[in-house]
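Trainee: Those sequence lines, one after another, are chains Y and P.
1 is the number of the first residue of the first sequence in the working numbering; add one for each residue after it.
188 is the number of the first residue of the second sequence in the working numbering; add one for each residue after it.
Do not take every clue at face value.
[Stated by the list, open to error] Here chain Y is said to cover these stretches of chain P; the calculated rule only asks that three of the stretch's residues, wherever they fall, bring their Cβ under 8 Å from a Cβ of chain Y:
1) 235 to 247
2) 280 to 288
3) 293 to 306
[Claimed, not checked] Among the chain P residues that face chain Y by a calculated CB cut under 8 Å, a handful are:
4) R272
5) Q339
6) C341
7) A344
8) G345
By construction, these hints were calculated from the structure, which means they are not laboratory data.
Note that the Cβ used here is the ideal one computed from N, Cα and C, for glycine as well.
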Amino acid sequence: MPRSLVLAVIAGLLFLAAAALLLDPSPALQSLTGTPAVKQSISASPGVIYAAKFPDVHGRPQSLAQWDKRLLVVNFWATWCGPCKEEMPILKNLQAKFGSSGLQIIGIAADTQANVANFGKSIDINYPLLVAETSAIDFSRRLGNRLGLLPHTLVLKPGGEIIYAKLGAVSETEMAEIISKNLPTSN
Amino acid sequence: MKPSKKSWTAFLGGPWHGTVIFALLMLPALAAATGPGAASNIGTIGEQELLEPERAFLLSARFKDAKTAEFNYKITDGYYMYRARFKVVAEPKSSAILGKAVFTKGEMKQDATFGRVEIYRNSMRILIPISSMGKDLGPNGEKLLRLKVTSQGCADAGVCYPPLHQILTLKAGSGDIKYPDAPAGGDGALQSTPSAAEVISPPLSELLRRTK
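Can you build the whole structure from these sequences, using the hints too?
Mentor: Here it is as structure tokens:
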């Protein structure tokens, strides 16, 4: 009997391990280098996220809380960040495709007002660009980006639950899949 | 085939009944770990595989001679720095007059968004002519030069570091460069030189600290 109990416990643990692998909650969180991601806790609550307020390119303060009913994609970027600028057409396409279904993309620039304003003249962006200079990096760090790397993208469900986080340029296919599954109108 | 009462009894009484019960008991915990609530534990990808900028871009400094400060970067494989993003100023600006910095030649990179840009891999050196030093003196009367270095680089993995601001204080007229508290695992800052200069003694964490 003790032997069968030991066998049962081992089998149970194997079952759990297999189930955890099959039901990985964050398949999007893949490593930049192809190896398994090391997960990191995000301490910020939805309240912290929606309490944030940054000026837009015209200097008008914009609160993130105004988008709390929408599926929100927060993209940290800067004009001096090549990979950030490369992914902007992807974000623009996603906003055009899903904007009417409840998606809102916002760009938070770790940059100066002048740089962002000039950049906005050179490329037509269809989502709000907020200017946060160094506080953008601080905010990004609070959301799990320990090194303050860019680009950094988060997807928040209405209400503020973070369902996706990525360092490095996003994939349009992957983002479209995540967005289409989580749009407010699809629930 | 419909299982008979006997076969169920035999199954539950066999060696696997514990497994089934254990698994059923653990399912709620598993669901909690993988359901919507798991977002609180969401992370950023591969972030821990990337180096702190001070380690990816190891900086050492010295007086090359009485009128030239020299900065050497040891750049970790897989990382690069932008030539156009370097800036060296006296700290405070009025404390010294610096000439035009001379950079080693980097490599040209065709950047998708910036066009042709000069970048550095492996190593790079900056020479800073010093036209005039301020009146700051060390404990033994030696002249001090305090510089603020701004640099910015990226990783080939597809991410960029925010601008890194470092402040170094060079002390003229003494021996080798000595960083008493180099980052663990890094050796780029521990360079002996034959020049008559050294970095003064505060820990590296203070010498190479981020500034807001």
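Trainee: Determine for every hint whether it applies to the structure shown.
Mentor: Checked hints:
1. Counting residues of the stretch 235 to 247 of chain P whose CB falls under 8 Å from any CB of chain Y gives 5; the rule of at least 3 is met.
2. Only residues whose beta carbon comes within less than 8 Å of a beta carbon in chain Y count, and the stretch 280 to 288 of chain P has 0; fewer than three means the coverage is violated.
3. By the rule of at least three residues with a Cβ nearer than 8 Å to a Cβ of chain Y, the coverage given for the stretch 293 to 306 of chain P holds, with 4 such residues.
4. A cut of 8 Å between beta carbons decides the hint on R272/P: the least distance to chain Y is about 7 Å, and the hint holds.
5. Checking Q339/P against chain Y by beta carbon gives a least distance of about 7 Å; that is within 8 Å, so the hint holds.
6. Proximity of C341/P to chain Y holds as hinted, the smallest CB-CB distance being about 7 Å (cut-off 8 Å).
7. A cut of 8 Å between beta carbons decides the hint on A344/P: the least distance to chain Y is about 4 Å, and the hint holds.
8. Because the beta carbon of G345/P sits about 4 Å from the nearest beta carbon in chain Y, less than 8 Å, this interface hint is met.
Checked against the numbered hints above, the structure violates only hint 2.
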